[in-house]
Structure formats: C-alpha cells, structure tokens
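2 protein chains.
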Amino acid sequence: MGNADYTYPSTNVEHAHEVAIPPPQPFFKSLKASMKETFFPDDPLQQFKNQPPVAKFKLGLQYFLPILEWGPRYTFQFLKADLISGITIASLAIPQGISYAKLANLPPILGLYSSFVPPLVYAMMGSSRDLAVGTVAVASLLTASMLGNEVNANENPTLYLHLAFTATFFAGVFQASLGILRLGFIVDFLSHATIVGFMAGAATVVCLQQLKGILGLDHFTHGTDLVSVMRSVFSQTHRWRWESAVLGFCFLFYLLLARFFSKRRPKLFWISAMAPLTSVILGSVLVYLTHAEKHGVQVIGELKKGLNPLSIMDLSFGTPYLSTIIKTGIITGVIALAEGIAVGRSFAMYKNYQIDGNKEMIAFGMMNIAGSFTSCYLTTGPFSRSAVNFNAGCKTAVSNIVMALAVMITLLFLTPLFHYTPLVVLSSIIIAAMLGLIDYEAAIHLWQVDKFDFVVCMSAYMGVVFGSVEIGLVIAVALSLLRILLFVARPRTLVLGNIPDSMIYRSVDQYPNANNVPGILILEIDAPMYFANSSYLRERISRWIDEEEDKLKSSGEISLQYVIFDMGAVGNIDTSGISMLEEVKKSTDRRGLTMVLANPGGEVMKKLNKSRLIELIGQEWIYLTVGEAVGACNYMLHTCKPKPKPVTTSESETWGDNV
Amino acid sequence: MGNADYTYPSTNVEHAHEVAIPPPQPFFKSLKASMKETFFPDDPLQQFKNQPPVAKFKLGLQYFLPILEWGPRYTFQFLKADLISGITIASLAIPQGISYAKLANLPPILGLYSSFVPPLVYAMMGSSRDLAVGTVAVASLLTASMLGNEVNANENPTLYLHLAFTATFFAGVFQASLGILRLGFIVDFLSHATIVGFMAGAATVVCLQQLKGILGLDHFTHGTDLVSVMRSVFSQTHRWRWESAVLGFCFLFYLLLARFFSKRRPKLFWISAMAPLTSVILGSVLVYLTHAEKHGVQVIGELKKGLNPLSIMDLSFGTPYLSTIIKTGIITGVIALAEGIAVGRSFAMYKNYQIDGNKEMIAFGMMNIAGSFTSCYLTTGPFSRSAVNFNAGCKTAVSNIVMALAVMITLLFLTPLFHYTPLVVLSSIIIAAMLGLIDYEAAIHLWQVDKFDFVVCMSAYMGVVFGSVEIGLVIAVALSLLRILLFVARPRTLVLGNIPDSMIYRSVDQYPNANNVPGILILEIDAPMYFANSSYLRERISRWIDEEEDKLKSSGEISLQYVIFDMGAVGNIDTSGISMLEEVKKSTDRRGLTMVLANPGGEVMKKLNKSRLIELIGQEWIYLTVGEAVGACNYMLHTCKPKPKPVTTSESETWGDNV
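Chains as they are written, first to last, in full-length UniProt numbering: chain U, 1 to 659; chain P, 1 to 659.
For reference, chain U alone in the conformation it holds in the complex (with noise of 0.2 angstroms):
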C-alpha cells in the first residue's frame, strides 16, 4: 500500500456521471410489488393471465392435481419403467414401514397402512416424478418420544394411536395451511448445516434406540439421549441376548455388505433395495425352522389382514393432550416437509425440471389428512425410498400407485407370513439406513469450507443425542438466525485502494497491491443501514476516521480531507440509519472533512431525497462511481487551496482542550 509511487488517476470531473433518483411510485403500488415478491416470487398465477374462463378452470385443476396435466400424455413405454421401480420400492417399504411403525410405538401394521393411501393421494397432486412417499424414522422417533411424554404406548395403546393419528391430521394442516398461504419460505430457514447435523443426531439416536432390539432386552428408557440409553444398556448387562445380538449383527453385516456393493456399482442399486425384504424373508425362514421365537428371539407376531380402517371417527379434538398433539404435529410436520421438499427438489434439479415448493407443501398436506382419516401416521418423501426409485429408474409418479397397490396385495394376502418375522432383524434394518444418514464427509466439507457452518451442524448434532431431537433442532436454528443478525449488527467496514493503472478501488485486504489515496479515506460498508447496526457503524466510522488521521499525522503526509463511502453493497437504509448518517455528516463537518457518498443504490437514494439529507450532504457529493468520487475529491484537493480547518468556539472544544 506504498503511497509513495502513488499516480493520481484521472480528474476530469465534468465526466461524471449523475446518481440517478429513481422514479417514485405510488405507495401502493409499491407495496403490492414487494408482497408479491415475498409471497408469489415463482409468480404461479402467470400462465393464466389472457386465457378463456375454460382454460382457467381447467389449469386451476391442473395445478391442484398435476396428474391431469401428465396422465393424458402418459405411454406404454412409461408404465414399463413405473411397474419396476414401483415393485422395487414397495420390497423397501414392507419392512421399512414395519420397522419405522415399532420405533413410533405403533402397531406395525401402521407402516403398511401409510405405505397405501398416502402415495395414491400424493400421485394425483404431487409435483415431483422421482418422490416415493413413506414415513421416516426422525418423524417417527420424534412421535414416539413426544407422545410418549403423554402417553405410555404399551400401558394405554388405543389412546395413544388416537393421539398419533390427531398429530398427523394437525401436521397434515400445518403443511397444507403453510403451502396454501404461501409461507414455504419458513422451510428455508433450516439451512444445509442445521439438516445435516440433525439428521445424523438423529440417526444415532435412533441407531441408539436398536440396542433393545439386537441386545433383545425387555426394558429400555424412554430417554432418547445418548447418557440414558448408554445407562439402560450397561445397567442390564446380564439381561442381554447373545441369540438376538448374534443374529442382528449378521443381518446387519449382508445389508451393509449390499450397500457397499451398490454402491460401487450403481447398476446393482436393486441388490441394496432388495436386501431388507431378504432379510426378513430369511430372518423369518430361520425362526419359523429353529423355533427361535421360543428361546428368546421377539417376533413381530400377528398382522391383521385387510385394507386400512377408517380412523376419521377416532380422531380426538377435545382431549387434555391438545397442546401436545398440536405441538408434537407441527414440529413432525415441518422435519417431514423439509425432508420431502429437498428430496424433490434434488431429483427436480438432477432430472432438469422445476417443482413448486409451495404445491409440494398442499400435496403433502392433504395426504397427511387423508393418511390421518384412514389409520396412516406421518408420511413424507424419504431420502433413501425416493434415491431406489430414481436408480430403478422411475418416470413419474405412477411408480407410488404401483407400489400401494403392491402393498394393497400384502396387505389383503400375505400378512400372515410376517407372523415369524424377528424384530431383531428390523432393529437391523433400521441401523442399516440410519448409518446412510449419518453424513460425515458433509460435516468435513462444512469445516473446510465454513467453520461457523460446522458449529451450527455440530450444535444441532450434538444437541440431539445428548439433549433431545427438539433442543438440538432449537440450537441450530437459534445459531443461524442468530448468524444472520449478527451479519446485520456488524456489518463489515472496509477500506478500500485504488487498483493500480485503473480507476477501479477494491479492498486494501483483498488485494494487497492497491493504493490508498493522499487525504481521502475510501470505506466500503457491507451491509444494509439498519437500527440494528447504526449505532456499531457510527462508532465503526468514527474509529476509522480517528486511525487514519492518527497515521497521517505521524507519518507527516497531507492530512485528511475526503471521507467516501461506498454505498454499493447498502442495499436498504431505514430511519435510524438515516439519523445514523446524518449524524456521520455532522460529525465530519466538525472534524472539517467532507463527507461523499458513492453509487448509492436506488432504495438508498430514494430515503435520501425524501429524508432530505440528501440536500444536507450535498447533490455535488454524491457520485455514481469510487472512481468519479475519487476523481472530483483529487481535483479539488490539488486545483484549490485546502480549505482551513473550521475555528470552533463551542464549549465542547473548548472542554477538549483544558481538560
């Protein structure tokens, strides 16, 4: 930053070029544009502007039921593809819903029922072609832990289910609400960081919750924590099954072994989908011929046969569980939309076409509300279903009919040959897809790439498994909102040099060979001039300014007498940081230096002129560009004399000096 090779650039100040005030609009007006960009920023309505009443009618259906849009144009070739992958996801969700239904406390048929009706209603109104709807473990844990707070599942079963399916129909209305009021923005603010470390938090404690089953123990904690589990295991060591453990880890051991395999090979994805219902098949060949039920191995026992029941009668409104019922509905409901709607857009984007979160937000609302009038419990579009869909290489969302009606057949025939099935080999197949969640090489890249990132994802991890699965999603939240005020509480400020051979001035941090100007101090602030960060500005800028004339006035060169602000990055300015400025000026006009402001953006300007500080700082002291400004501020300080600094006579100098 050497001054002493320092060129002037150019000074031809009668080529600037005017800050342009831009034209004002009717409050109203304005008003309307930013409502619609906050809430309609896809502009959904645009296709049916100039369109006959007909049309409209029949492209406001399309939009609630995207099926009548593509099922016309649906081929053969399609339904080939659709029937594979449907038959290769409904042999994933047999034993997942199963396994999941046992972690939420419920009775395992549960799985299957959610694994019917759901998927039919989300084919007709989803958006996305690759989704495969089914419940999740986090959103079952989370049921299980916070209905179980309420309820004992195994001491009050039917009160308990009722419970479950008014959780689902108030998480149904929450999505569908949240989607219908355009508000899917609120999904948004669980950032990356916080999803990854939730997820795999949430993976472990789930993994945690197997040890009963592989240990085979009768008694476990409701604590889903890693101290109380660790504590319930190791308290009970003499109760512990070698049969089950033994058995669990094998099953383990062939689905991981699977994955692996899949892994490598993309092609064999079906060896991966397949395994778990191998599994089971095996798992329940084995017990049925060594009898294993009767030495200490837990069967899932029987399945009622049939479609689903009617549960619309035993939702229950007017319990004293309400609070918790809704509590329990929102919290699941926002995990499973944020799950579903990443899962979509992820394979929209892979596969180049677009879905609409807010459309996405209804379709999963009114699935969950159908699920809950038809004994479903919370479904979205889980991660590892959805990726076996796309890999058997699915076309649209015909594979989740055939995978109900695959599950509609289990259902009305082959219940009974579950009776044998043993739940160690569901605690295995659990551990199996939870490990895929845990995503540590995210959680690498976040440090290297963010390290503030990889605190929040720790938080949220560590805030899982040793508080709960709420405390952790608190934690995380809590710290990226908090990340995000303090971007706007303390607002980088920074000085900026001229670019060698340019008239281009950038950070003096960033590119160590840019000059700063003799007398004029250039200071980039990064940020909008909100009341939450003007009184750090002010004082920020006053800091700046003091440094500067400290440095000049020890090194002997010409002293200060231009401060410019570059206003490029303000992109808003609200009142207090309208006083702010104003009192900045002010304080400049003391100190005898002039203020200037460049490229002010047209928000910026607009508060200016209505605020008439603008005439305060003066129309000649604003410039479109650093250059200009820098450019006209030169002309003055080497064509006129420098001005003398202003004789004060006020009593405050006057203190200054005696005192």
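What the hints contain is simulated information worked out from the structure, not anything from laboratory work.
Heads up, the list lumps identical chains together, so a pair's fine if it works in one copy or across two of them.
In the DSS-like style, the derived pairs of lysine-lysine whose C-alpha atoms are separated by at most 27 angstroms in a straight line are:
1. K586 - K263
2. K56 - K32
3. K586 - K451
4. K551 - K56
5. K49 - K359
Predicted, not measured: the structure shown is a model, and the values here were computed from it.
Since chain U is already given, all that's left is putting chain P on it; use the hints.
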C-alpha cells in the same frame, strides 16, 4: 432501454484485472478478529498497550471510575455552572420524583430517596457529562403493572415494597452484566421507530392513569389499556370531583404554557424547569389556606423526615414471586437502559465527546444495585431532566452531586412542607411531562421516509395502548427482526444495463437510460447468499433467465449466451449459498449459457476457493468489474462463432419434449 443505437463498449480483454483471493488466515486468528469486532468494536484496551503496570492500574481505575480522570482537572468555573444546573434539576426532581413514585404505587418518599443515592453513584462511574439521574414514568408504570399482577400494593404494601427493591436489584445486575459481558448491542435491537411508538404509547397510558387523580376517583381499574380505563372512568361519572378536575386543568394549562414559552425562547428554559416546583408550592398553599383536603382534594400527607433507610435486608430472593421479580427487573432494566443510553449519546454527540455504551451500562447497573440497597427504585437518565440539565449549562456530572445534596437537604428538613401538596398537581405534572413524549412529528417523518418503520412504530403504539406495555414491546421488536430476516430471505435481484458512454453498469430500474447488452443478462444480487435465501435466489435467477430468453425469442434478436452476476453486494456466502451457485452453474450449463461472476468480495472468493467451486466456474469467468466481464463476453460473442447449443440426450430432455 432501446438496443438499436447500442454501441459496444471497449472489448480489449487483455486489460482485465485479476480477482484476488485474500491471503489465507489461520482459523484462530480470524476467529479472534471477528470476536473482537463483535464484542469490542470500540477497542477499549488500546490505551493500555505499551504502558508500565502502574499506569495500567491507574488507567483501569479511571476506566471504571471516570471521575478519577476528570476530577483532578475540575475548576471553579465548572463548579459555578454545575451549581446552577444542579439546583435547577433538583427543583424538577423533587415533584417529579414524588409523582412517579405514586405512579409506581410506591410511597411518595421513595421518589426523593431515588434522587439521592443513584445520582451520587452515577457521578463517579458515568461517562456522560449531561445526564441527570432520576426515576422515569414508563419504568414506574411497568413496575406497578407487572408487580401489581402478583401483589396488591394497597393490601400488602410492605411485601410490594420489598418486591420493588428486589426487582430494582435484578435490573441493576442485568444492566451491569450486559455491560461486563459486552452485550450492549442488544439495546440496538430497539430501533428508533420502536422507541418512538413505544414511548408515545407509554405516555398515553400514563396520561390515562392520571384520570384517577384528576377526577379524584377512589376506585380505578388495574388494567392499563385504553378500553379498561375508559370503562372504569365512564362507569362512575357520578363520583367525578369537579374541584379536583378544575384545579388539575388549571395547573396543566400553567405547565404547558410555561413549556410553550421555554420552547419559543430557549434562554427561558428555567420557566419550564421551575414550573413543577412552583405548581407544587402554589397548590400546597392553596390547599392549606382553603382546607380543600377536607372537600375531596386528596393530598400527599405525612412524609417521613430523614435520609434513605437501608433496604439491603428487605431484598427477598426466596419468595414465590421470584420469577415475576426477575422478569420485571429485566424488562424495566432494558427499557431504562435504552432511554438512558439514547439520552447520553444524543447530548454527547451534540457536545462532540464520546460515551462508551458498555461502560454506561455498568454505571447504570451499579447505580441501581446501590439504589436497591438504600430504599430506591429503578433510576435511569430521563430525557426531560437531562435536557433541563443541559440547557442550564451543566459542565460535568457534578451537577448530579449538587442535585443529590439539594434533595438531601429536602429530606432532612423540608418534607413537612409537602404535607398539603394536592395529588392532582402531581397528576398535572405527570401529564405535562408525558405530553412532551408523544412525538407525533417523528411519526409523520417515519411515514414520509419509510413506511415499514411507520408500521413498526404504530404497532408498538397500538400494542401498548390497547394491549399492554409488554405486548407493544414484543410486537415492535418482532416486526423489526422480521424485517431484517425478510431482507436476507428475499434479497432484491436487479437487472443491470450500460450507462451510455461509459463502462459503468447500473440497475435499469434506477437509471432508465441504461441500455441492456444483447446476448448478455447482467444480474446484481443485493444480499449475502445464505441458507435463508438460497432456494429463493435459485428460483428467482432461473425466472430472470426464462423471462430474458422469452423476450429475446419473441423479438428475434441474438439469443442469450452469457449470464453475469454482479457479486459486489454479496458480503458473504455460506455452504447453502455455495450449493445454490453450483446448481445455478449446472443449470446454466444445461441451457447452453455461460455463467460469469463479477466483483466477488474477499469472503466470497475465499469460500469459492475452499469449496473448489472456483474450478467449476473457471477462473477465466471471474472478473473484477462488470465492465470487464461484459467486455470479455462481447469479445467472445463477436469474434468467435456462437457455441452450438449442447445436444442433450438425457431422459429428462426427452421427457420435456414428448410430454
């Protein structure tokens, strides 16, 4: 924005400047730097550097007790000024103190006690030269309403008194901790608009409460909202006392008249300053002579002679009301802090000296802790009293000491004089003070400059007047935070065009004469790329590209080839933002477009580099300015053959055509 007469800006690409990646910093060094910027933006330890231990100790003492710094330089000149201003504020402090103590449902004598000890503490520890310490109406009302919910002050005065002392203690501890933990910026989250609305609302509520005194009513609602008060007032019209009301309105008229004259001629500030004391004397004499106390005019009655009794033994930490006390302490503490610091800052700015927010908080905290030990309740730096102090020409905090001595003399000898002071005069004094706090001009200014700030202000006002003080505060803070979050969640994206005859590119909305460049879409993104906006930005960018392609297709012009992102206002990027950019890059590739970045800042370049995204984008597609990026793109467009659109055979494309 006509393109017909468009002349291509210079395209000499060899002049392009390279974008630097800032030199890597060790993790802990950058962590330390950002911590320092967050918690120590004022760099308080700077003066301690390179000092011998004795000097360090002396500086440290001076840091906590500023009186040690300015005391030795105190002159007789200053004493004269401080004596006059001290006596002036004492004449205001005595009636105001008694009035506000009544407002807090506390014994009137507490108002005098609170003007004795706290000013002495502040004089030693405070860094403002103009602040006059005392109780304030809003905090008094809040104390009454929050503690009054738990304990009735009339039925159980001793318990109520002890709770008030304890709440003051917690307020002090909270204030001091904020200062010690350097969390002073929390106060910044109360925006100017919030404070205007909140203060006006509180003033309205306080005025409404005075209807009890003015109308001479014995029974009155405990609610503070407009509806309760109006119902209470008009349900007992038969109990209104006209003597009381006439007296009240006469004094109110006198007080307002005095203020009107003082405002017109600032030299006559003492008329307004002395008016409350004059009213008290006049009112007392009038009552004494006419024996009006026997005809329905309520009077203060006996005030105990003597200095503050110790109250340290009255602090009660073991009561069942502890949570209410702590809540009261924290809320009143924050409100008091916000007023005191804002007042201190305003006068410091006016006289051009610095006050240190965190140090002030410690001083306020210590003053309230000491107050709670000596029968005082919550004090701060009220605006009205400080303004009188300033106008009376105070030089240092010695004016607070003078005031405390005057109050001491009153306590020791003059309390019997207040026996016949009518309560209605106190009500008039409160109303006159409160009317000055309703700053309707500021509200009009907010409406003109920033509609959203006006909404925040009115919400705070309505919340306080129709709900309660806490509701108003919560609504206003929530709205203010929502605005920050919305700014980040819905950043503006602007299309840039070329300012004629320059290499400068600016928003076409702000500069209607800016021309867009054929074949190139230039987008400026106006906020950091964070998880909260990454999905929005992805969708919004893709919509911009769609719209531009549609426009170009329908006009038959050159097709879109390049998308340039001006990253100048993107202060930071997190991992979600990185993923978003990566997806945008992939999607532009699929469309056969080239993505170009212009002017990414230091933080952004660091993250792009660490995440290897820089390699995916290609270092050759990152430019220092939009002008250089456009130059390079134009060079490619006009010298090279247009790239053929990539032929994609992926299933998705096939789907897109067939279906």
